[in-house]
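S.K.: Letter by letter, the chains look like this.
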Amino acid sequence: MSTIVIEHLARVEGHGGITVELEGDTVTKVHFDVFEGARLLEPLLKGKRYDEVAPILSRICAICSSAHCLTSLKATENAFGIRVSPQTEMLRELIFRGESIESHALHLFLLALPDYLNYPSAIALSADKPAAVLLGLRLKKLGNLIQEVIGGRAIHPVNALLGGFGRVPAVDQLIAMRSSLLQAMADSDTVIDLIASLPATDFCHSDTLYAALRSPNLDTYYMGDEAMVVSNGNRAIVPAADYRSLTNEQSVPHSNAKHSTFQGNPFMVGSLARLTVNPRRLTGKLAVAMKRLKLTLPSDNPMDNNKAQALELINDVERALEIIERLLRDGVRDERAMPVHARAGTGTAITEAPRGLLIHSYTYDEEGRILAADVITPTALNAASIEQHFRRAVEQCADRDEAVLSRRLQMIARAYDPCISCSVHLVRKG
Amino acid sequence: MSKPTVGIFGLTGCAGDQLVILNCEDQLLDIVALVDIRDFLMASSEKFGDSPLDIALVEGAVLTRRDADRLRAIRQRSKTLIALGTCAVWGGVAAMDRGADRARLLEEVYGDHGKEYDSQPAQALHEIVKVDLNITGCPIEKDQFLGAVAALLNGDAPLYPEYPVCTECRMRENNCLLIERGEICCGPITVAGCNARCPQLRVPCVGCRGPASDANTASALEMFAQKGFDRQQIAVRLRTFAPEGVAQ
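First to last, the protein sequences are chains A and B. The working numbering numbers the first residue of the first sequence as 1 and each following residue consecutively. The working numbering numbers the first residue of the second sequence as 1001 and each following residue consecutively.
Some hints here could point you the wrong way.
[What the hints assert, rightly or not] Derived contacts from chain B toward chain A, CB cut-off under 10 Å, selection only: (1) Leu-1152; (2) Cys-1198; (3) Pro-1204; (4) Val-1206; (5) Gln-1233; (6) Ala-1235.
[What the hints assert, rightly or not] Incomplete in silico selection of chain B near chain A, CB under 7 Å: (7) Cys-1014; (8) Val-1032; (9) Val-1035; (10) Glu-1046; (11) Glu-1108; (12) Pro-1139.
It should be emphasised that the hints constitute simulated quantities derived from the structure, not laboratory data. Where a beta carbon is used, it is the ideal one built from N, C-alpha and C, also for glycine.
Using the sequences and the hints, build the whole thing.
M.R.: This is how it looks when you write it as structure tokens:
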């Protein structure tokens, strides 16, 4: 028997590892080990008042803190029947786009790119290819600027509240964001050129199931009422209220993250899934970029998630610019957050965080205190699919060379852009 | 002079303080040129073994035996150990109810498997090892981190305020959310350094930076009582980011 162990995966968020065991030619064990400590925030939340929930749950994860915060607010608003203004929706979408720009730029340029070019880090890479690293840092900074201005802080936003915002952005802030966005638009060809120039990563092929929100409206794909699961030729719709059919989580002993399957099959969430479920987004400039990246959908290669992130990065910049132009044209009203009237009930929100589907679901008592909280994160949803793709990569590696396999497995793990802090937050039992 | 050797580590948390370091987009490449980064798993797969460090920056709280073992090993190899962020300094959100029955919480989330997990109540770093410097915040403020880097590179210790958020809030001439609007604002007892980030946005302080040593807590509690807030409710809220009994 031979074993491949990657003890502590580098260049990902959080603490995880990989274990693969082989007996002869047979792969006997494939584990994505998650040893992130369980903070148990969901049961600790019981008894907390509605206004404490989003600030606590955004702390699940820094990189996706805006998505956690906004999804949390939406779930509570759904429980209390609060409908926010169109301006609030627009500003929230801007935060989602800002977070996606930051997160994708961080992942593509600082975490994934060094793999393709054989460097241990972006810091080492910057000595030889400073332009690529500086481009990534510039885009990352833009994403943070948007989150800072609209959300009040780049990590763990403070300005997004139940029913609206503390303070809406000023015109000079919008103008500053516009000028950074225009610079990013000018950079978008360079992004695609760079990603298209990377060596092919052709070592893991698999029939893959993809799950993402189906966009009722191409502009607001980050929120919706139903998820769609797509495989080769087949599709199934899951309404938000039935999210548990996507998240029938199982505890597994080697991981503090539970595993999810849909009708017994692992599925992938994230950028590649979003583009696969919503191909109508891929028009104009994106369609051209997709050709240059040689990406075809549905893809059987999980490494294509990196290409999908590059496409989304460009799309996020375009869309953020559209929103800001609109806000500048129509003016921003100094709205206060809507009043909150707590009531007993359950509210669920499903959104698209940078890494994929994110679900928050809460039950409140009549005073607006938490009775139960469920949080299901993209990396928890991806865990079973990551293991399936590890297995395929080992099976498809002809000589089973340990160094080659070890590198490939790490690249697959990173292509998922796992957020391991997130992965250990999960649905309550039963 | 040789460059100081630096390690950047995360225990259990959200990785937000390491992310603040990576978010110093304009300074990052200059900083890494001035120091010798020997360990930064979140950003680099480079391995140097357990070489000695001049400075270790550690974020997150201790929630597992593995965390505790890693922290002791980091302490052993480091001259200066810096606790980065509220979780490392105070325990953070995972420590909000340390008295709760851990086995029950684990059972509630994981069922029977809960028993198998390596899990203990959250602890701040100084409850396990000696900590030389605290940089608090959830996450840390970028300016305070950059100030610390500049000071340490010059052989100085950075200084941080001990007064509460209220002091900064008044200097920014904000209307008081507690007195004028009757909102539960933790500004009177939370340590400053964020430039009153939340009240500046008309949003009450949630206390994410932990308690201020130079706060008039008695008077703050009296003010909360005058405004009609239940004492128990206030106490629970104040302990969201820094539990009882984690005095520095």
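S.K.: So, as I understand it, the hint says Val-1035(B) touches chain A; can you test that by seeing if any CB pair is closer than 7 Å?
M.R.: 11 Å, violated
S.K.: Under 10 Å is the threshold here; is the Cβ of Leu-1152(B) close enough to any Cβ of chain A for the hint to stand?
M.R.: 19 Å, violated
S.K.: So, as I understand it, the hint says Pro-1139(B) touches chain A; can you test that by seeing if any CB pair is closer than 7 Å?
M.R.: 5 Å, holds
S.K.: Closer than 7 Å between Cβ atoms is the bar; does Val-1032(B) clear it against chain A? Give me holds or violated.
M.R.: 5 Å, holds
S.K.: Would the hint on Glu-1108(B) be counted as holding, given a Cβ-Cβ threshold of 7 Å to chain A?
M.R.: Hint on Glu-1108(B): holds, closest Cβ of chain A at ~5 Å, below 7 Å.
S.K.: Minimum Cβ distance from Val-1206(B) to chain A below 10 Å?
M.R.: At 5 Å from the nearest chain A Cβ, Val-1206(B) passes the 10 Å test, so the hint holds.
S.K.: Does Ala-1235(B) hold up as a contact with chain A if the rule is Cβ-Cβ below 10 Å?
M.R.: Cβ of Ala-1235(B) sits 13 Å from chain A, so the hint is violated.
S.K.: Does the interface hint hold: is Pro-1204(B) within less than 10 Å of chain A, judged Cβ to Cβ?
M.R.: 9 Å, holds
S.K.: For the hint on Glu-1046(B), does the least C-beta distance to chain A fall short of 7 Å?
M.R.: Since the shortest Cβ distance to chain A is 4 Å, the answer is holds.
S.K.: Is the interface hint satisfied for Gln-1233(B)? The criterion is a beta-carbon contact with chain A at less than 10 Å.
M.R.: 8 Å, holds
S.K.: Against chain A, with CB atoms and a cut of 10 Å, does the hint on Cys-1198(B) hold up?
M.R.: Since chain A brings a Cβ to about 5 Å from Cys-1198(B), closer than 10 Å, the hint holds.
S.K.: Given Cys-1014(B) was flagged as interface, is its beta-carbon under 7 Å from a beta-carbon of chain A?
M.R.: It holds, given that the least Cβ distance between Cys-1014(B) and chain A is near 4 Å, below 7 Å.
When the structure is compared with the earlier hints, violations turn up for hints 1, 6, 9 and for no others.
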